[in-house]
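S.K.: Residue strings, one per chain:
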Amino acid sequence: MIEILDDWCKGCEICVKRCPVEALEISEIMNKKGVRVPRLKEDNKCHQCRLCELLCPDFAITVTKEEKEEEKECKLIIGGVCAD
Amino acid sequence: MSEKEMPDMGVLREKYLRKGMLPTIFCNGCGHGSSLDYTFRAIEELELDMDKIVFASGIGCSSRIPGYINADGLHTTHGRSIAFATGVKAANPELDVIVFTGDGDATGIGGNHFIHAARRNIDITVILLNNFIYGMTGGQVAPTSPKGTIATTSPHGNLEGAFDISNLAQALGAAYVARWPVSYPYQPIKSIKEGIETKGFSLIELMSPCPTAYGRRNKLGNIQKLWEWYDDHTMLAEEYDKINDYGTEAEKAALEDKIKIGVFQHIKKVGFFEAYEEQIKNLMANDDKKWGGV
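If you read the sequences in order, they're chains A and B.
74 is the number that my numbering gives to position 74 of the first sequence; each next residue is one higher, with no gaps.
14 is the number that my numbering gives to position 14 of the second sequence; each next residue is one higher, with no gaps.
Derived by calculation from the structure, the hints in this document are not laboratory data.
Keep in mind that the hints are not guaranteed to be accurate.
For each label pair, taking beta carbons as the anchor points, the in silico distance ranges come out as [stated by the list, open to error]:
#, chain 1, residue 1, chain 2, residue 2, range
1, B, L236, A, M30, 36 to 44 Å
2, B, E5, A, K33, 31 to 39 Å
3, A, Q48, B, K225, 27 to 35 Å
4, A, Q48, B, H116, 20 to 28 Å
5, A, Q48, B, K52, 52 to 60 Å
6, A, M30, B, K252, 25 to 33 Å
7, B, E238, A, K45, 46 to 54 Å
8, A, Q48, B, E160, 44 to 52 Å
Think of the CB as a built atom: it goes at the ideal place given N, C-alpha and C, for glycine as much as any other residue.
Bound-form chain B, shown alone:
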């Protein structure tokens, strides 16, 4: 990788954005725009050709993102973005496929697609924007909402436990799993870069603040407060594990409302399409022998 300086935003805007679509429809303070910015910077650092990248998305706030990118994109049905992305990758394995999806889209409606794409280790990069709520439909409880969340469908507090998406992807053996809040810029950029480079299923979960649907109801309406909440309630995975192993009882009790962040998994694994091509090659060779071919 060449150590050249990142061009300024004026250059990035011209290169990557469909300027006629902007300003974005996102609310004041929404983190989705920042996630898009980080993705551009990761692509810029990798020096990828935008004609060789396909963006896919489902339904939701986060899934509006491919509409702003000056590249090929699919805006698909609710929860099925990963299924469509698998199809794109199967048809043309040379393309880099990046999926933008939300927490409700990937784990609520499209939960099984997500699980099985991770299990098969399909070579796509999933950027999951987790805002803890169904934002676009008016703030219903999502599978990822933390306990006690006030939402339109849980006015007295959410009783269900939150869905830990990164933990699930780890258990399914995804090749790359990372989680970062959008309030730190450099770590997500690096993770998106590594995710695109990694062969196999990569999940980058970005915690993206939703001041309108989540913040306003949970006394975090001010974007500054929401960002401070992120700073106070996140902890690096290494630190978290250390306290979990060697900490005092009081320290361990404080871990309860902390969310782990960091790179959780980065392994080398044979992807589905590589294994598929290998199998076809083997079968063809045996088939030729069987029928006396060349």
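With the rest of the complex left out, here is chain A:
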């Protein structure tokens, strides 16, 4: 998950341009200074490399770990699909 403190963002777009997987985009949301703030794209491609968090000069981005759902062990597989 990427959390963004909207009012601290100045709109330099470093996070959008330096993201290795292009996971962020400039959204339609405006903060109180009239800056369009970045958000994750709808198809979440974020690998949580935390580069945007490191590079952001305004301390506005927090990358928190997503708790992965534990993969269930499948006992019966039919045609490559779990049949449980």
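Assemble chain B onto chain A, guided by the hints.
M.R.: Just chain B now, kept in the frame of chain A:
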């Protein structure tokens, strides 16, 4: 050093920032905020106590930084931050003193303080944010501006050669000298860490982009362009030296507008205050003998 994971920005914000002061006054795209971020991460990795660190700064954009840090700080007169830091270290050698200074502050106005602190090898860490221009006063030519820079005081291009601060510190025998652009995050963090750990004068020169005063006048107003300029005009010191020694003429000619980056010097040296304490100890011992003391 324990290999624990770096906490996320939410934790760092709570721990190190004076949140009432934020958002920062820095312009859109300024690299000074990133430098502060890297310093936090270096301190976090070293697990230092913030009550045992003092930040000092002079005047300029970069010198606003200690105001955002939740620790003791000195905001001093122009160019004198290193002199004040020397005083803090002399009064209480247990403290880690970190100086935030700009290129104009350290080499223009406070040039002599910088030179003599490096020569004496005083145990402080200087994080010098080099943006090639006097940003806060409106974009005048600084001693570090590259040749050809357009600024308010040189509308047709700067004729003077640029000041190579890291090279000067090396010549003065500073214990640790490194230079990195802020566009690479991991190298500056490591260098700041090593700089704080090193006994003696350590200089970490961070090339911090100034899109407003420098970029806008030099056709690099867009932060992306400025960062690309940094990528194109910097070269690792090892690579630079190799081309300088064995390269063809064409390769050597291309080096002209390249800036060396890397760790230039990392030596063990006796610091000023260690030598001072040693001298006092010797004098006291001799003095006792002379007067028949114990």
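S.K.: All the hints need checking, so say for each whether the structure fits it.
M.R.: Do the hints match the structure? See the list:
no., hint, in the structure
1, B:L236 <-> A:M30: 36 to 44 Å, "holds (41 Å)"
2, B:E5 <-> A:K33: 31 to 39 Å, "holds (33 Å)"
3, A:Q48 <-> B:K225: 27 to 35 Å, "holds (28 Å)"
4, A:Q48 <-> B:H116: 20 to 28 Å, "violated (47 Å)"
5, A:Q48 <-> B:K52: 52 to 60 Å, "violated (33 Å)"
6, A:M30 <-> B:K252: 25 to 33 Å, "violated (51 Å)"
7, B:E238 <-> A:K45: 46 to 54 Å, "violated (35 Å)"
8, A:Q48 <-> B:E160: 44 to 52 Å, "holds (46 Å)"
Going down the numbered hints, you'll see the structure goes against 4, 5, 6, 7, while the others check out.
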